[in-house]
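Go by the hints and put chain V onto chain P.
Number of protein chains: 2
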Amino acid sequence: MSEKIIDGKAIAAEIKNELKNKISNLNKRAPGLAVILVGDDPASHYYVSNKEKSCAEVGIVSFKTILAANCSKEELISIINKYNQDPNVDGILLQLPLPAALKNSSQEIIDHILANKDVDGLTTINLGKLVVGSKDAIEPCTPRGCMELLKRSNVNCSGKQAIVLGRSTLVGKPISLLLNAANATVTMAHSKTQNLEALLAQADIIVAAIGQAEFIKANAIKVGAVIIDVGINAIEIDGKRTLVGDVEFTKAFEKASLITPVPGGVGPMTVAMLLANTLELYEKHI
Amino acid sequence: MSEKIIDGKAIAAEIKNELKNKISNLNKRAPGLAVILVGDDPASHYYVSNKEKSCAEVGIVSFKTILAANCSKEELISIINKYNQDPNVDGILLQLPLPAALKNSSQEIIDHILANKDVDGLTTINLGKLVVGSKDAIEPCTPRGCMELLKRSNVNCSGKQAIVLGRSTLVGKPISLLLNAANATVTMAHSKTQNLEALLAQADIIVAAIGQAEFIKANAIKVGAVIIDVGINAIEIDGKRTLVGDVEFTKAFEKASLITPVPGGVGPMTVAMLLANTLELYEKHI
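Residue numbers (our numbering), protein chains in the order written: chain P, 1 to 286; chain V, 1001 to 1286.
Chain P with its partners taken away, still in its complex shape:
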């Protein structure tokens, strides 16, 4: 594989291996992860089964509850509470997005997860800890995965000009905070941003998390930029379903110094960081 490619799959495998070794040396109960899945979205089911498989690979016990798409908020919260009280569960993951009827209540529901079981780092209190820079904060899985890719690719963020496209609570905002904490100068861009090309042209580090297929064109990118592409978009090429990122990969590859592929970039890291966060919470419980 080209040295320009940040091989998320390989790095995730390396991390999983490290975790597997650590976990095999534990002399108490195994770490436990509970996953809650609402509805029948095929992509969500696919992601969850992936997470279960990865848990098994490294020695984390996984628990799963599947609720019908039309379940009530109270029903969902009661499952969260069950896992909150379960001493074998170290982390609780609510698979997102929730079905339409619950979507607007997502944050309210997530906030029922106990702070010390918030494996996804998405509770309001944990996001506050990221703002404050508390050592106690759990870094949300995808943002942490992006930072880990930079770190393991020897990218020193300090003083670098970074742009984050997308300002979701799930990815854009926490990655901005983490890059800021790593001393990058971060610009938060979004759908209302007017001078995106000029901003991209200056960026040493580009993090794209907008979910729009190949939105970022190679000609806007600075030569030597590091590109972290969080987007996973399904498009049809010659009648065949293909996954692409938010960045026009083939041409951007020519200009970038480092770039994550889609698939095989950030995706596998999200799962690896979920496992890492589970172990981190386990260590607080044991």
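I should point out that these hints are in silico values taken from the structure, not numbers from a laboratory.
Glycine included, every Cβ here is placed at the ideal spot set by N, Cα and C.
Incorrect hints may have been included.
As the list claims (entries may be wrong) - Heads up, simulated BS3-like pairs for lysine-lysine below, C-alpha to C-alpha not over 30 Å straight-line: (1) P:284 to V:1217; (2) V:1217 to V:1004; (3) V:1222 to P:217.
Unchecked claim - If the Cβ cut is set under 7 Å, some of the chain P residues that face chain V in the computed set are: (4) 127; (5) 132; (6) 135; (7) 193.
Claimed, not checked - So the derived label-pair ranges between C-beta atoms look like this: (8) P:285 to V:1135: 30 to 36 Å; (9) P:212 to V:1103: 41 to 47 Å; (10) V:1072 to P:85: 34 to 40 Å; (11) V:1027 to P:116: 40 to 46 Å; (12) V:1251 to P:1: 51 to 57 Å; (13) V:1152 to P:2: 31 to 37 Å; (14) P:212 to V:1154: 31 to 37 Å; (15) P:75 to V:1154: 46 to 52 Å.
Positioned in the frame of chain P, the structure of chain V alone reads:
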């Protein structure tokens, strides 16, 4: 006064007048603000007496506790708890900075303030609410004051390029989140930022909160920029103590379309927003 000047003193007076009218129409108990002051720093005592006077002006009852500089963390927290339980207190303000011995515990101590009495908006949970964009969030006083100055000066932030210098939990980070929520494209700059001049040259809105006298030079500023200067720095000019901001005011004035003076810009707004936040919390309690 020049039309270029954002007259914080006049806008704060206008806001206080609005608050006074609202409060005079309340038919229950008056809103109450408790201020806790630790140590004998003259500036802190001055700020606190200013806040007390402003409370009296608009009809807010103020309570004050002054603790010795060498008070223990536990003593301070017990005072917070007393005010947490007091039904006449709607907001609790811990005057910052704390003395050296307590400074590293500031966030931990602040987090003892009940969410519904967090008038300064600096508890971890409230900062999380700012990230999430919760309607329930209290906007920290100085950042809210900056946003209010922009709003009352008819500056539409949407799509504008904004730069925030300084990344404190008190000012820099929350103002970045508020500008982002107002659809500005925000760059968070700080001491490790390398290309500050180029970034300043692009900025439509500059928020300076670094506490370094006249650090930002006029030649770096774009013609027509809006400048919000949060810094208040005491320097000596011809042997006389003078307050200046983080921006080289006289020259920057020539290039800016709007600029806050120091003093008389952001400073009075911090107090006005403290009063506004007290009333906002009062309305939740009544």
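Hints, verified against the model:
no.	hint	in the structure
1	P:284 to V:1217	violated, 49 Å
2	V:1217 to V:1004	holds, 18 Å
3	V:1222 to P:217	holds, 28 Å
4	127	holds, 4 Å
5	132	holds, 5 Å
6	135	violated, 11 Å
7	193	holds, 4 Å
8	P:285 to V:1135: 30 to 36 Å	holds, 34 Å
9	P:212 to V:1103: 41 to 47 Å	holds, 45 Å
10	V:1072 to P:85: 34 to 40 Å	holds, 35 Å
11	V:1027 to P:116: 40 to 46 Å	holds, 45 Å
12	V:1251 to P:1: 51 to 57 Å	holds, 54 Å
13	V:1152 to P:2: 31 to 37 Å	violated, 54 Å
14	P:212 to V:1154: 31 to 37 Å	holds, 33 Å
15	P:75 to V:1154: 46 to 52 Å	holds, 48 Å
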